[in-house]
Amino acid sequence: MKAVVWHGEGDIRLDTVDDPTITTPTDAIVQITRSAICGTDLHFIRGTMSGMQEGTILGHEAVGVITEVGSAVRRFAPGDRVLINSTISCGACRNCRRGLTAQCDVANPNGPLAGTSFFGGPQATGPVNGLQAEYVRVPYAVNTLIPLPENVSDDQAILLSDIFPTAWFGAELAGVNRGDTVAVFGAGVVGQFAIASAFRQGAGRVIAVDGQPSRLATALGQNAEVIDFNAEDPMQAILDTTQGIGVDAVIDAVGVDAQRPWAGPAKKAGDEQADQFDAEREQVAPETNVQGENWVPGDAPSQALQWSVGSVAKGGRLGIIGVYPPSMTSFPIGQAMNKNLIIKMGNCNHHTVTPPLLDIVASGLFDPTKLITQHEPLTSAVEAYESFDRREEGWLKTELTVG
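Numbering follows numbering that gives the first Met the number 0, in which position 13 of the sequence shown is assigned residue number 12; successive positions increment by one, without gaps.
Keep in mind that the hints were calculated from the coordinates and are not lab data. Among the clues, some could well be false.
To be verified - Quick list of in silico lysine-lysine cross-link-like pairs, DSSO-like style, CA-CA up to 30 Å:
1) K313 with K343
2) K313 with K266
3) K313 with K338
4) K267 with K313
To be verified - DEER-style ranges, computed between Cβ atoms:
5) G263 with N339: 26 to 34 Å
6) P325 with P354: 27 to 35 Å
7) A273 with K343: 27 to 35 Å
8) D18 with E53: 14 to 22 Å
9) E292 with N222: 29 to 37 Å
10) N339 with G98: 26 to 34 Å
11) D154 with H6: 26 to 34 Å
Source: prediction; values computed, not measured. Built from N, CA and C at the ideal position, the CB exists for glycine as well.
Build out the structure end to end from the sequences listed, making use of the hints.
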């Protein structure tokens, strides 16, 4: 079969690899019909999340049809159309039973003290071959798969594999309440869904912060107020528009590949921290393979965290869903403590978060497909990665058609 395979930093290829097979009774084999490219995948290629093993298939978002099930899979059968959760969970351990499926004690082959197991990630997450392929082996299929109703299309469903649930989870982490003013740092596709989620959870105002015009235009189309960090100091702008108080809650949808301003009043502060940011980048990305404009790690790993803490009101709340690797140790802890902030973070518990969102989409209350900006065949995946990585205008979310 064809699959997008990681061979090293800055080196991904569309390879022909062996078809997956059932290895344990709880497995299922799924023929992929839709996959997608996520910003998280870029961390592995840029080197800002290390520990990848050569030969690992990338991707953690997919929709497909079951072709085979193991003897212990009692909920599904061949021919069933399914959504694949990005995170893998057994459904029987202590954490799964209390809804903390991203911290399943069993799914990660590295043992019960290891963190989240997900498709297409580094050694610390499994590794488990990913979903940018024609077929995939799905471990713990009963809990990792979700049945799809006929009235939810593949295009709608692919955004429920990770992006929409993660954004919703971010708004939950930030404790969004009715009437809140919420800032979303990062207006990529996760940030866009975070805007939508914050409004649906009751926010009265949502302020989106980014430096790319097309992303800000999309946020504006969702009725968010927008701040271009290359034109304004985002912290000062947020204070100005909240009567000096700050926002009630912040969602960090940026993560480790944050970039500091290249222009505007915030540029000076970023330049003054250049040495700190360079040290952070060396810490999180010890191995890189920059090729022209491609695979360049963000030049300010802690920038979004600093802005988030500086923009939220005293006693406010911060939800972090932007990806940070275990090697990332920078955080403005003193400022956060002195403001009595509530900080929550982590990987989405997809098995428990996704089903209600699937109902919202199936009922016609929300159509996520407007945020898909590119449709590419699997055979064009490498070129699509390159364009997405360069942050080209208009590249928000790329869906991959498979088969």
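Hints versus structure:
1. K313 with K343: Holds. K313 to K343 sits at ~16 Å (cutoff 30 Å).
2. K313 with K266: holds (25 Å)
3. K313 with K338: Judged against 30 Å, a Cα distance of about 5 Å means the pair holds.
4. K267 with K313: This hinted pair holds, its Cα atoms lying about 26 Å apart.
5. G263 with N339: 26 to 34 Å: holds (30 Å)
6. P325 with P354: 27 to 35 Å: holds (30 Å)
7. A273 with K343: 27 to 35 Å: Once the Cβ atoms are compared, 30 Å apart, the range 27 to 35 Å for K343 and A273 holds.
8. D18 with E53: 14 to 22 Å: Holds, since D18 and E53 (Cβ atoms, about 20 Å apart) stay within the stated range.
9. E292 with N222: 29 to 37 Å: holds (33 Å)
10. N339 with G98: 26 to 34 Å: The hint (26 to 34 Å, Cβ to Cβ) holds, given that N339 and G98 are roughly 27 Å apart.
11. D154 with H6: 26 to 34 Å: At roughly 30 Å between Cβ atoms, H6 and D154 fall inside 26 to 34 Å, so the hint holds.
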